[in-house]
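Residue numbers (the working numbering), protein chains in the order written: chain C, 10 to 122; chain U, 35 to 147.
Check before you lean on any hint, since a few could be wrong.
Taking lysine-lysine and the DSS-like style, the derived pairs with C-alpha atoms no more than 30 Å apart in a straight line are [what the hints assert, rightly or not]:
# : chain 1 : residue 1 : chain 2 : residue 2
1 : U       : Lys91     : U       : Lys103
2 : U       : Lys91     : C       : Lys77
3 : U       : Lys103    : C       : Lys61
4 : U       : Lys91     : U       : Lys52
5 : U       : Lys52     : U       : Lys103
6 : C       : Lys65     : C       : Lys86
Listing some non-contacts, in silico: residues in chain U with all C-beta distances to chain C over 10 Å [said to hold, decoys possible]:
#  : residue
7  : Ala36
8  : Thr49
9  : Lys52
10 : Thr54
11 : Ser67
12 : Asp93
13 : Arg102
14 : Pro109
15 : Glu113
16 : Thr120
17 : Phe129
18 : Gly139
Just so you have them, the derived chain U footprint on chain C, three or more residues with Cβ under 8 Å [to be verified]:
#  : segment
19 : 46-54
20 : 111-122
Keep in mind that the hints were calculated from the coordinates and are not lab data.
Glycine included, C-beta positions come from ideal geometry on N, C-alpha and C.
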Amino acid sequence: GNSVTQMEGPVTLSEEAFLTINCTYTATGYPSLFWYVQYPGEGLQLLLKATKADDKGSNKGFEATYRKETTSFHLEKGSVQVSDSAVYFCALSSANTGNQFYFGTGTSLTVIP
Amino acid sequence: EAQVTQNPRYLITVTGKKLTVTCSQNMNHEYMSWYRQDPGLGLRQIYYSMNVEVTDKGDVPEGYKVSRKEKRNFPLILESPSPNQTSLYFCASSFRMNHNEQFFGPGTRLTVL
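Using the sequences and the hints given, assemble the complete structure.
In structure tokens:
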């Protein structure tokens with residue numbers, strides 16, 4: 010079946026620290042991969058995406074590279090800020106998933122000054 | 035302003051009392067979807083719709099109904115709510131499935147007593 014596995018949180022970092030949130034997936038075919046962010050009390054917003062192998066998605070200093078050989082899409086940021094505190098979700102979709110979206114369980118990030 | 039709206043934002047009800055959560059989008063999106071978010075489980079897809087009069091089950095459709103009579107609206111219906119449907123619900127829409135960004139509503143927090 011199709012699934013997304015994220016590293017468990019919560020994650021607490023000091024401001025300007027390096028962030029990695031791991032995400033691996035299982036899917037048939039060639040899925041598109043996404044990272045969504047959820048700020049407190051809000052709905053999810055797309056952070057970045059990659060639609061084919063070796064693509065790198067990037068936005069607001071965050072990056073993730075679609076690695077087909079390791080079925081991974083890890084989220085990274087070189088220097089986090091307090092405003093990055095949120096819950097981050099990895100997700101996939103594919104025509105082979107019957108037009109469904111699959112989300113990971115989410116990773117809560119808190120950045121302290 | 036392009037947006038997905040949901041109503042109500044908060045609802046407390048009792049077991050067995052039928053309710054409807056409305057969802058509307060003003061972006062002319064073909065694809066709409068409902069998710070529930072539960073601690074430790076992330077987002078799980080309930081139902082989705084590829085276009086008017088076309089709906090399909092997601093991962094957790096039991097106890098829910100949907101309809102898509104107009105392109106902009108996609109209500110979620112709980113005919114006989116039960117306490118295990120207490121959750122945070124999100125509606126989302128996009129132009130098409132797969133590679134495209136989903137836009138999420140602000141969420142509806144439902145409590146079934």
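Verification of the hints:
1. U/Lys91 x U/Lys103: Holds. Lysine 91 of chain U to lysine 103 of chain U sits at ~17 Å (cutoff 30 Å).
2. U/Lys91 x C/Lys77: Distance of about 28 Å is within 30 Å: holds.
3. U/Lys103 x C/Lys61: Violated, at roughly 34 Å.
4. U/Lys91 x U/Lys52: 20 Å, holds
5. U/Lys52 x U/Lys103: Satisfied, since the Cα-Cα distance of roughly 20 Å is no more than 30 Å.
6. C/Lys65 x C/Lys86: 13 Å, holds
7. Ala36: Its Cβ never comes within 10 Å of chain C, the nearest being 13 Å, so this holds.
8. Thr49: Non-interface label on threonine 49 of chain U holds, nearest chain C Cβ at 27 Å vs cutoff 10 Å.
9. Lys52: Its Cβ never comes within 10 Å of chain C, the nearest being 25 Å, so this holds.
10. Thr54: 19 Å, holds
11. Ser67: At roughly 7 Å from the nearest Cβ of chain C, serine 67 of chain U sits no farther out than 10 Å, so the non-interface label is violated.
12. Asp93: 7 Å, violated
13. Arg102: 14 Å, holds
14. Pro109: Given a closest Cβ separation of 17 Å, the condition holds.
15. Glu113: 23 Å, holds
16. Thr120: Its Cβ never comes within 10 Å of chain C, the nearest being 18 Å, so this holds.
17. Phe129: Label holds. Min Cβ-Cβ 13 Å, cutoff 10 Å.
18. Gly139: Nearest chain C Cβ is 6 Å from glycine 139 of chain U, so the label is violated.
19. 46-54: This one holds; 4 residues, not fewer than the three required, reach chain U with a Cβ under 8 Å.
20. 111-122: Held - the segment 111-122 of chain C has 5 residues with a Cβ nearer than 8 Å to chain U, which meets the minimum of three.
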